[in-house]
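Q: If you want the building blocks of each chain, they are given just below.
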Amino acid sequence: MRRAGRRREAVEGYLFLAPALLIIGAFHVWPAIYVLYMSLFRWDILQGAFLGLRNYERLIEDPGFLRSLLLTAVYVVGTVPVEMAIGLALALLLHQRLRLRGLFRLLYFIPYVTSQVAVALVWSWVFNPTYGVANGLLGAVGVPAQRWLLEPNGLFSPDAPPSLALAAITLVSVWYYLGFHTVVFLSGLTAIPNELLEAARIDGAAGFRLFRHITFPLLSPTTFFLLLVATIGAMTSFNLIYVMGGGGQAFGCAGNPLGTTQVAALFVFDRFWCQTQLGYASAAAFVLGLIVLAVSALNGRLFSRRVVYAA
Amino acid sequence: MRRRVGRLVLYAAMLGAGVVMAFPFFWMLSTSLKSQAEATTFPPHIVPDVWLVSNYALAWAAAPFGRYFLNSAIMALGQVALGLLTASLAAYALARMRVPGRNLIFGALLATLVIPPEVTLIPNYISMQRLGWYNTYIALIVPFGASVFNVFLLRQAFLQLPFELYEAAVLEGCGHLRFLWRFAVPLSRPTLAIIALLTAIRAWNDFQWPLIVTDSMSLRPIQVGLTIFRSDVSTNFQLLMAGSVLAVAPVLVLFLFTQRQFIQGIARSGIRG
Amino acid sequence: MRRYTLAIVALFVLGACSSVGSPSPTAQPTVAGTPAPEPDVTITFWDGQSGVLGDRLNDLITKFNSTHKIQVQRSFQGTYDQLYQKVVSAIQAGSVPDMAQVSGPPQTAQYWKANALVPVQQFVDSVDGFNQTQLADFVPALLDDNSLPVNGKKTLVSWPFSKSEAIMYYNPDILAQAGVAVPKTWDEFKQALLTVKAKVPGVTPLAYTPDVYYFFLPYLWAQGGEALSPDNMKAAFNTPEGLAALQYQVDLVLGDKTAQVTQGFDWENTFAAAKSAFAINTSVSRPFIEGAMPKDHIFKVGMAPLPAGPKGAKTDLFGNNLVIFAKAPPDHQRAAWLFMKWLTDTDQTIAWSLQSGYMPLRKSALAAPDFKSASDKDDRLLVAINGLKDAHGIPGSPDWQKVQPILGDMVTSALLGKATAKDALAAAEKKVNDTLAGF
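Chains as they are written, first to last, in our numbering: chain S, 6 to 316; chain L, 990 to 1262; chain U, 2 to 440.
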């Protein structure tokens, strides 16, 4: 009797899962398989000769690709921890009984709501070398005007990443995604049962101790998840970087100046759509995907043990 | 006394952060009211000399924006509705039902997050053509009707539901579907609100996919409509900003509306269990 | 039989009469025989013409649709890059439109390599096409821009439509203030910049956004140099001519400091605000420059051909051409050709040119009353046209898309002082050869 019930539940479960799995399968998994297929060929607009793993061999030796991976790593390190830290801080603040809490929430969330094209345009204006606000501010304190998004020289040393251009884009990315992190952390905070917090307060915990021993651990599912999603998002980040770093020129494509903003996703896009090397770009996309998978698995391994559930 | 100073500092800091976050938006507003010459002068004018509200009329007239708004709304609402449905069902199955291979499926779903969307464009485009969905609302909605992200978030929320509640419901003869509909979903409203909001925002701002899978003006959403202000020869900043402000407005309203759900969620978390 | 022939001729004559007439050489049947009547089809046309130009294109299409059996259905696809993405995707899916705009020889070459196009030559040589005299009415440089070698023979693969070229803009007031004449050679140009810098404070002599097409290539060509070898398989720019071309820009920016590097379209705003004396860009930019001028300081934008080098003045061609896709049914293909023919007919090319700023495609257009009266009023209209005899197309190689970023990086690294011109050229040559050889 129990077996039949179990089996019925299993079937019902699969039925529940079916719609999501169908859609994700058809429009995410299938394309990935197709991309893998494309990566085995020389593929301009039309499918060309079968190359086997030649595209992958070329990739490993391609300084452009290797550099794009390095730039991606730099970008991830520059955005994810910063976004999460500030996002958490803002969420904690917004969780308090503050006046105008709604207004603040709105202000912090506005960037995320705006289309990335508009955001990129506004910030390109801010960083405009000829009449941008950034140079205006620098001028007020006596610092010479910078080329910002056109500047390939590095922040720390001329040839080491990140270039000033990439740094500027990193700043904009943090600004943009901050609202998202804040909102998700806020939702995680609301899931912490109030009684637990009350009980801890009665026991005498307050401020930072409360945070460290109660709030933060109970927030860990959210933190873990956000870290995962943010890292994946940053590794595959495209839109903002493209519109800001793609050159803005009439005949350019992706990864100016001097390719110092060409993170992995832009490399893929450039080879795919600008240089019409579909096979090669597919290989790069696949390698990128594997790397992201590896990093995520590592992420999971390292941190899932630290995740604590309330119930 | 110290408390009050602390509070003041707090408010100042938050306001400062707020200004930094929202300043570009106000710049958009400001630029949208300028003439082309003023939009590009240096040093920049924070407040326009002359408020050309006519820019909004011009932007609106440049293309059938009313229709574009409708299309964006249809696309967003469609994705939200379908997304909530698929995510609820799947998350529930993964959280509360005994499904063989549950963890494997969940892991596989997480793995799909690594696929960059720029590359899935061509295969999905081909699928749209083969399925006959090209240039239809279906193409704008269904491919984004399920998201691993949403499933994850909701699964998280369902896992936090107290087990006793479920046991009690089972004793009452409640099946899974009914439990999901009558208990799990209502209790997870804040999470659902967030999923709805994030899905709507993503859909509203999506640009490349709608451009690729639509042909006729009657189907295109706002973001595609705004491309009319950019060309290979010039960018009409003030009209583009005006159009962008118009495009942001509904999402802001949506956000303000769903904020109430957050507040309710906070208030309710004390009653739970 | 005779009645039938008469009917066909009548149809044709009626067709000719329904287009707006000023006596100009409209296309007459070429190959012996009368053309078949217009097919009764609706054709799809993908374009990348945004903003005001898009509206004008709409007007033209509406006019065509109201006077022809063929109906054209236009679908705007964004910028040229976005249009290209869309077409590439469509070719993959086997769902191409009947015709589309294409932004120049490299993209055309890509489509051609993918066997996606039916060569326009086929229609030009047909009953619906042109005889030698009529074909000669089209500016030769434009036809060259649309031709590719097919089986060793120069063949028209695409058809010109919206064409512009690189020209020099100047602010006559500032030039007068500096006592400088409009430079005719690159050397004179350099001098003019220096003079402006010395005589007119507060003004940048030249503001421009670094690009391969506005300085490097024209200068290179003006000395007789080429970017690629004739077979498009090897780099040909690492020569004294190439060095001179690159060094010229470097001198302006880093040496004389007479040129300011800008971002995106900022050169346009700087020029419109009368903060710079010169600009080098496409001939279609004028309306945009004028639109960016502050109301209290309007000046007449000066236009002149690009300066000349030892081998004369050279300029590159921009804009878009039209292609017909091979997958379209034959009657659609023919209909597309008939539409294209009408679009580039004398009346239409004059109208399109006057409204958009693109160049008229036919020599006879220059003599036509509409155009003549416009150009008599404003001789700037003739600048780009006169420059057409010096026009040089961008290499029609499908691999140009891979070469262009390398050249762009070369220019950027030299201009920013990250490499000497010599080293930059050598590095770029190696990269280009590696890239071209790898395929």
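Derived from the structure by calculation, the hints contain no laboratory data.
Worth double-checking, as some hints may not be accurate.
[To be verified] Straight-line Cα separation of at most 25 Å, DMTMM-like style, residue types lysine to aspartate or glutamate; simulated pairs:
(1) K276/U <-> E291/U
(2) K276/U <-> D1204/L
(3) K64/U <-> D1204/L
(4) K328/U <-> E39/U
(5) K200/U <-> D297/U
(6) K432/U <-> D164/S
(7) K70/U <-> D82/U
(8) K328/U <-> D49/S
(9) K114/U <-> D49/S
(10) K235/U <-> E62/S
(11) K296/U <-> E430/U
(12) K328/U <-> D41/U
(13) K328/U <-> D1204/L
(14) K431/U <-> E62/S
(15) K328/U <-> D56/U
(16) K431/U <-> D208/S
(17) K432/U <-> D49/S
Q: Each hint should be assessed against the structure and marked as holding or not.
A: Verification of the supplied hints:
At most 25 Å may separate the alpha-carbon atoms for a hinted pair to count; K276/U and E291/U meet this at roughly 14 Å. Distance restraint check for K276/U and D1204/L: the Cα-Cα separation of roughly 42 Å exceeds the 25 Å cut-off, and the hinted pair is therefore not satisfied. For the proposed pair K64/U and D1204/L, the alpha carbon gap of about 22 Å is at most 25 Å, so the pair holds. Taking the CA atoms of K328/U and E39/U, the gap is near 20 Å; set against the 25 Å cutoff, the hint holds.
Of the supplied pair hints, the one linking K200/U and D297/U holds, its CA atoms being roughly 24 Å apart against a limit of 25 Å. This hinted pair checks out: K432/U and D164/S have alpha carbons roughly 19 Å apart, not beyond 25 Å. At roughly 32 Å between alpha-carbon atoms, K70/U and D82/U are farther apart than 25 Å, so this suggested pair is violated. Our distance criterion of 25 Å between C-alpha atoms is met by K328/U and D49/S, whose separation comes to about 18 Å.
At roughly 9 Å between alpha-carbon atoms, K114/U and D49/S fall within 25 Å of each other, so this suggested pair holds. Only pairs whose Cα atoms come within 25 Å are accepted, and K235/U paired with E62/S is accepted, the gap being roughly 24 Å. At most 25 Å may separate the alpha-carbon atoms for a hinted pair to count; K296/U and E430/U exceed this at roughly 47 Å. A distance of roughly 18 Å separates the Cα atoms of K328/U and D41/U; the hinted pair therefore holds under the 25 Å criterion.
Restraint check: the Cα-Cα separation between K328/U and D1204/L comes to about 18 Å, which is no more than 25 Å; the hinted pair holds. For the hint pairing K431/U with E62/S, the CA-to-CA distance comes to about 20 Å; that is within 25 Å, so the pair holds. Of the supplied pair hints, the one linking K328/U and D56/U is violated, its CA atoms being roughly 28 Å apart against a limit of 25 Å. Simply put, K431/U and D208/S have alpha-carbon atoms about 72 Å apart, too far for the 25 Å limit, and the pair is violated.
Our distance criterion of 25 Å between C-alpha atoms is met by K432/U and D49/S, whose separation comes to about 20 Å.
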